[in-house]
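With our numbering applied, the sequence shown corresponds to residues 12 to 85, in that order.
Be aware that a few hints might be false.
Claimed, not checked - If you anchor each label on the Cβ, the simulated ranges turn out as follows:
{"no.": "1", "residue 1": "GLU57", "residue 2": "ARG78", "range": "28 to 34 Å"}
{"no.": "2", "residue 1": "ALA81", "residue 2": "GLN33", "range": "22 to 28 Å"}
{"no.": "3", "residue 1": "ASN18", "residue 2": "GLY53", "range": "47 to 53 Å"}
To be clear, the hints were calculated from the coordinates, so they are not data collected in a lab.
Even for Gly, the Cβ is constructed at its ideal location relative to N, Cα and C.
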Amino acid sequence: MDKAEINRVVERHKAEQEALDQRLEALRSGKLQVSAPTEDGGAQDETHVHISELERLRQWLAENVARYEALLGA
12 MDKAEINRVV
22 ERHKAEQEAL
32 DQRLEALRSG
42 KLQVSAPTED
52 GGAQDETHVH
62 ISELERLRQW
72 LAENVARYEA
82 LLGA
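Please put together the full structure from these sequences, using the hints given.
In structure tokens, the structure reads:
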């Protein structure tokens with residue numbers, strides 16, 4: 012990977028982090044909720060699970076950004 016490609020990956024991951032931050036804020040504030048259907052036809056709140064998964068994805072992106080930025084500095 013050349014430096015231009017690494018820069019594109021870093022910028023894309025940073026943009027994805029910003030989008031995740033906005034989605035996480037909406038989930039945490041209650042503006043957005045995630046639910047799953049239940050066997051009895053109701054809905055079960057799965058917002059907390061979704062928040063957890065998005066936080067893991069955001070952490071993965073942050074680690075990748077740091078790794079790629081270290082490559083650029085090497």
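Checking each numbered hint in turn, tell me which of them this model violates, lowest number first. Result: no hint breaks.
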